[in-house]
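Novice: These are the residues of each chain, in order.
Number of protein chains: 2
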Amino acid sequence: MNLANIRFDEKGLVPAIVQDAQSKEVLMLAYMNEESLKKSLETGETWFYSRSRGELWHKGATSGNTQRIVEMRYDCDSDALLVLVEPAGPACHTGSYSCFSNRINGEKYEASPNRFAIINTLEEIIAK
Amino acid sequence: MNLANIRFDEKGLVPAIVQDAQSKEVLMLAYMNEESLKKSLETGETWFYSRSRGELWHKGATSGNTQRIVEMRYDCDSDALLVLVEPAGPACHTGSYSCFSNRINGEKYEASPNRFAIINTLEEIIAK
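Chains B and E, in that order, are what the protein sequence lines are. So the first sequence is numbered by my numbering: it starts at 1 and just counts up by one. So the second sequence is numbered by my numbering: it starts at 1 and just counts up by one.
Bound-form chain B, shown alone (with noise of 0.2 Å):
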């Protein structure tokens, strides 16, 4: 891995996506400066650069809810980043599954840890 591929903004920092491997839902977006980025790599686990607080910040040191770095992409303007992960619990703060919890039109969304339900739902189907 060539860490000078990726191209970090005027602040250091690069958007990193975060996407449940199994699932493949979008569980948050968050941004990551080269010291977060090299963490991340080092223990296979996500570190990001928290804007607000202005300090590293490894997800789920103080709630537990981890995330297993499976698999790390970037796109064609290596300005932007993908972290496939396998959560040890919530990406939110609020406790919800995945940040990405609210609709525009104003309605909750509630995703499903389970890619595979459908197979479930065909179970059903075949059993009838």
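Derived from the structure by calculation, the hints contain no laboratory data. Computed from a predicted model, the values in this text were never measured in an experiment. Ideal Cβ positions, reconstructed from N, Cα and C, are used throughout, including at glycine. Heads up, some of the hints might be wrong.
[To be verified] Which bits of chain B does chain E cover? Going by a derived footprint, with three or more residues having C-beta under 8 Å, they are:
#1 25-31
#2 67-73
#3 90-100
Could you slot chain E onto chain B? The hints should help.
Specialist: Just chain E, lined up with the frame of chain B:
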């Protein structure tokens, strides 16, 4: 929809993660300003703000690879959008289905538009 809920940054932008509503692959990360968000909601197709060109950008206007919006969500901090789309063609200017085609270890990754590929695999196994 109350646009006042969305927190644009000091440049008037909000990051928008674009995800295929069917395959659930993350296709790209782009930025919307208030005008492009309104245009997206009005037209039902993705409009972004190009930071490099400094102008509104209707995705697919020249390539034909538009993205029909199936649903939009925002996160717990209201400073990131998740746009679920039905893409008319590749999301990436390179011709790739997804912009996130580079693994951080240097390998290429080819995302599949077919979310239900597992069903075909199951079908083949059952047929044996």
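Novice: For which of the previously enumerated hints does the structure constitute a violation, in increasing order of number?
Specialist: No numbers; nothing is violated.
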